[in-house]
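4 protein chains.
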Amino acid sequence: MDKDQTIGFIGLGQMGKPMAANLLSAGYCLRAYNRSAGRVQELGAAGVTPAAKPVEAVASGGIVVTMIANDQALEEVVQGMGGFGEALGEGGVHLSMSTVAPATARRLAAYHADRGSAYVAAPVFGRPEAAAARKLWICVAGAPAARSRVQPLLEVLGQQVYDFGDNPASANVVKLAGNFLIVTALEAMAESFALAAKNGVDPARFATVMSETLFGGPIYQNYGRLIASGIYEPAGFKLSLGKKDIDLVQQTANESRVPMPLASLLHDRLLSGLARNRGDLDWTALALGVREDAGLSGGS
Amino acid sequence: MDKDQTIGFIGLGQMGKPMAANLLSAGYCLRAYNRSAGRVQELGAAGVTPAAKPVEAVASGGIVVTMIANDQALEEVVQGMGGFGEALGEGGVHLSMSTVAPATARRLAAYHADRGSAYVAAPVFGRPEAAAARKLWICVAGAPAARSRVQPLLEVLGQQVYDFGDNPASANVVKLAGNFLIVTALEAMAESFALAAKNGVDPARFATVMSETLFGGPIYQNYGRLIASGIYEPAGFKLSLGKKDIDLVQQTANESRVPMPLASLLHDRLLSGLARNRGDLDWTALALGVREDAGLSGGS
Amino acid sequence: MDKDQTIGFIGLGQMGKPMAANLLSAGYCLRAYNRSAGRVQELGAAGVTPAAKPVEAVASGGIVVTMIANDQALEEVVQGMGGFGEALGEGGVHLSMSTVAPATARRLAAYHADRGSAYVAAPVFGRPEAAAARKLWICVAGAPAARSRVQPLLEVLGQQVYDFGDNPASANVVKLAGNFLIVTALEAMAESFALAAKNGVDPARFATVMSETLFGGPIYQNYGRLIASGIYEPAGFKLSLGKKDIDLVQQTANESRVPMPLASLLHDRLLSGLARNRGDLDWTALALGVREDAGLSGGS
Amino acid sequence: MDKDQTIGFIGLGQMGKPMAANLLSAGYCLRAYNRSAGRVQELGAAGVTPAAKPVEAVASGGIVVTMIANDQALEEVVQGMGGFGEALGEGGVHLSMSTVAPATARRLAAYHADRGSAYVAAPVFGRPEAAAARKLWICVAGAPAARSRVQPLLEVLGQQVYDFGDNPASANVVKLAGNFLIVTALEAMAESFALAAKNGVDPARFATVMSETLFGGPIYQNYGRLIASGIYEPAGFKLSLGKKDIDLVQQTANESRVPMPLASLLHDRLLSGLARNRGDLDWTALALGVREDAGLSGGS
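Residue numbers (this note's numbering), protein chains in the order written: chain A, 1 to 300; chain B, 1 to 300; chain C, 1 to 300; chain D, 1 to 300.
Honestly, the hints are just simulated from the structure, not real lab data.
A couple of the hints might just be wrong.
Claimed, not checked - Here are the simulated DSS-like pairs of lysine-lysine, each with C-alpha atoms no more than 25 angstroms apart in a straight line:
{"id": "1", "chain 1": "C", "residue 1": "244", "chain 2": "D", "residue 2": "198"}
{"id": "2", "chain 1": "A", "residue 1": "238", "chain 2": "A", "residue 2": "135"}
{"id": "3", "chain 1": "A", "residue 1": "198", "chain 2": "C", "residue 2": "244"}
Unchecked claim - Simulated DEER-style distance windows between Cβ atoms:
{"id": "4", "chain 1": "A", "residue 1": "82", "chain 2": "D", "residue 2": "129", "range": "51 to 57 angstroms"}
{"id": "5", "chain 1": "D", "residue 1": "129", "chain 2": "A", "residue 2": "81", "range": "50 to 56 angstroms"}
{"id": "6", "chain 1": "B", "residue 1": "80", "chain 2": "C", "residue 2": "166", "range": "30 to 36 angstroms"}
{"id": "7", "chain 1": "B", "residue 1": "277", "chain 2": "A", "residue 2": "72", "range": "43 to 49 angstroms"}
{"id": "8", "chain 1": "C", "residue 1": "60", "chain 2": "B", "residue 2": "35", "range": "41 to 47 angstroms"}
{"id": "9", "chain 1": "B", "residue 1": "240", "chain 2": "A", "residue 2": "148", "range": "49 to 55 angstroms"}
{"id": "10", "chain 1": "C", "residue 1": "81", "chain 2": "B", "residue 2": "6", "range": "42 to 48 angstroms"}
{"id": "11", "chain 1": "D", "residue 1": "129", "chain 2": "A", "residue 2": "166", "range": "51 to 57 angstroms"}
{"id": "12", "chain 1": "A", "residue 1": "82", "chain 2": "D", "residue 2": "90", "range": "32 to 38 angstroms"}
{"id": "13", "chain 1": "C", "residue 1": "111", "chain 2": "B", "residue 2": "277", "range": "28 to 34 angstroms"}
{"id": "14", "chain 1": "D", "residue 1": "14", "chain 2": "C", "residue 2": "145", "range": "50 to 56 angstroms"}
What the hints assert, rightly or not - On the chain D side, residues computed to face chain C include the following (Cβ under 8 angstroms):
{"id": "15", "residue": "173"}
{"id": "16", "residue": "217"}
{"id": "17", "residue": "253"}
{"id": "18", "residue": "261"}
For every residue, glycine included, the Cβ atom is placed at its ideal position computed from N, Cα and C.
Whenever a hint applies, use it, and build me the whole structure from the sequences.
Written out as structure tokens, the structure reads:
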């Protein structure tokens, strides 16, 4: 086995599965683990070795990719029962691609360093469609040698790789700060659309003009259309996950003593969404709270 | 005099002067008024007739463009001493291009309607450089005939004209909602840059990556660079004017009963800027407040 | 007529009528005006001369009390058609007891000074029951001689008079700042009660303990009980009036460049109350918004 | 040894030491532990047995009081190295009097229940002077028998004991909700004082009038005077501890899905205080941030 051609892959959720599929298409072999094993089967047989627990997905000195829902679950697959932490071994690389706290990255980087393995953080921007189409934007940071070694994988998975240096936590800071910008834009659109609607201006028209002029790029274009449409299902990215990311932003801001009043406001908006059982709607559904506060009914 | 080739132009400030110059270049003749008369001279002699008061800038049944700093000053040039309101006459068109409240637009539209003249609102997006380069984006609304009649002027002044229908106030709502989106983006960038800086990530690098990926368009690109640079002079658009616009947003939101917590937050941030004597800095200087709250020094 | 025994009284609303009745009981004669004249009749015949317009309520050099719903209406009864401004005459005193902006007080004080009359601001703390029971707390400010002259009236109307010096606007600042403290306490109770309720603690019990220990005084005691009860009708003080007062707070803060983020938050909460047609409920009904945000049903 | 006359006492900080001294005065004997042992000596020799680690402070089936700075330290003295958790034994009572999260109370209550011991939460309201003067207000909750057993101690320590039933976490919810009310009042006073100051009204006078009328009770009276004085040292209660308590409020609100925008605002204010190195000032020093935002200098 060429240890750079067989890759461990842990976490086959909405994002992980298309990413794993792309690695397979590019000729990599995978040892794949997912909590509910059915997802592994869905990848097809060719090139995939199912792993019954995380540790079975890694080879000593190899590469293992994780795409895991939250910090605690990530620490569990490394250090918990059946975790791969010890087995990754001298020279191994843990390529961690989900959105976690910089503090978690620091903790895991230290854990791996103690064992001669390396932790590379490479969180991604993009929704499941972008993952499938290899259109992800990837922010990478970690020890230089390990970073170089995973570069070919990242090029398979994304349209562009942005390098943020040697400290893995830096990539996570960028990812969280980026998600903070996104949720702020969602709230700002929701508020301005409510203002438009109550003053006789069609929000969809307003959204179009803004995205053609001042606010290009996919966030204002795509989310503007979604919020103006008032359709929040099916979820591309769940409100509950958006809430989790804002929690991580606030945790990081708290630790580094950066007051972020916008993050506080977004937190309260999303928390109210959870309190009203909207956690499984798309995160654009924060607009429902904005509309209700303005005495508008549910849609746009 | 062809009444569509000689145009009244009132207000030769940072925006008005280059706009007037563009009309001259396009072959229009102007009767120009500005509170401090020196600005009129700066336009050069060819094609310009100086007006000693607003009323002298208009011809009955003609077109007069206003580019005036605030609502009160606008109402003054129309209805105050020496104002042009009565003289504009049957069939005249008041093309009002500055940022004012929808309520002001409604008031002036009614005033003109009573006199057989028409009020067309055509506020613009763009800074003085954009005005000079005829790169403004213009939102227009007003009575159909009057709107058609001013269309050639708008095409001289901007790169694109967006039509928002018959109700002049609609164009002002769009302008205010757009400025609200901009200031929200400024604050969001300022907060995320402070988070980045205190966590070892270069804000300029973060800004570049964001504007290349999720957040295209001039707002994130240009302002991101400015905020990351920490240079707030000379002002492209003064913080005090940004504050005025958020006041208009809040006034409109209040009247139409739309709670906008982001606008409240931005109001407090900008008001603190005024309290600290930063009204003449560029509006990106709201980032100074964000930085101070985080215990960071003035620059970026 | 002893010009200090016959008093003009303008505004017989929920507060004004019991106040006028107390002056009558104390032996004063009144010339009374109210927009809807029926309220004057309700005072009974003895000692009351009905006035058909504000100007008929005043005698040159006399005292006139106003208890008027808002700034505009107040300026109207002074300077509008039928207003008493000119008739009050040299030596007259306008004792203005409702809640208006400091800026309005300054304007009216200048207006009266120009005519040899005086403007004394004496806004009150207390609800209609307190007005009836002569338990109002009164904050007074204005020119010394005029202040002394109205002192006996204030002692009839309230349980305590607090003097804030020669500048009438000062009394209005105190009144607004006090109302700001009250609404903040309402919101704080509403939020903490929701926290208690969702964590298995009875809000009424929590309210009782707080008011017996850290938070004595009528605001926490009475409003705590009301909010915990979840009963918002009939209104002792309408939410729409509370909103108006917070608007005045914000206007004053804006003019004097004092960022007040709590006021911004309260503004948005109350504005949402108006947007949801709760303007006629008691201002404690802002708690409904807090509860809904937490996914709790209407009551407490 | 009468196991109810010899009490374990862990944590002799600003609050714990005077509380321990009061128990000694009332005739109890103490086995006392403090991280820095010098504090134990300061209690004097009579009746005090020094403990070298937490476990030495408890007797099986006895009572141990903890007054510990934060949740983590509390869990450490119970379950960490040298912790007393196992030694407290069947029938023992852990009387936990510091401010911790309801979630911590739940965790420790379950821990003790598994071992036949009981966890009684009894957080207190009051500053060190109040602790010394036996003027604390104590909120108690826990299993009925254990609660009855510690009642005599609580009566020694406080002026009033409020019972919140069988669930220990309830007492912590009340304590946190109470501290939330306090910090809200601090911020509200700070904002209103800045408004007063910039409008020519003496904040100290305003504070006095408010506390004599609408806002009785120690919070507005004492803190109003402190904030108006602008003197923030020495700290009666440190800003950093106030920040910790608001963190616990937010954590609890987050877990129970209660959006608390006031708590968010207070969090950002206090976090900015930490970022500016004001953690060791009194928590009233949050007023410095309010003043700076208004362009006022440090004092009041």
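May I ask which of the numbered hints given earlier this structure violates, with the numbers listed in increasing order?
The structure breaks none of the hints.
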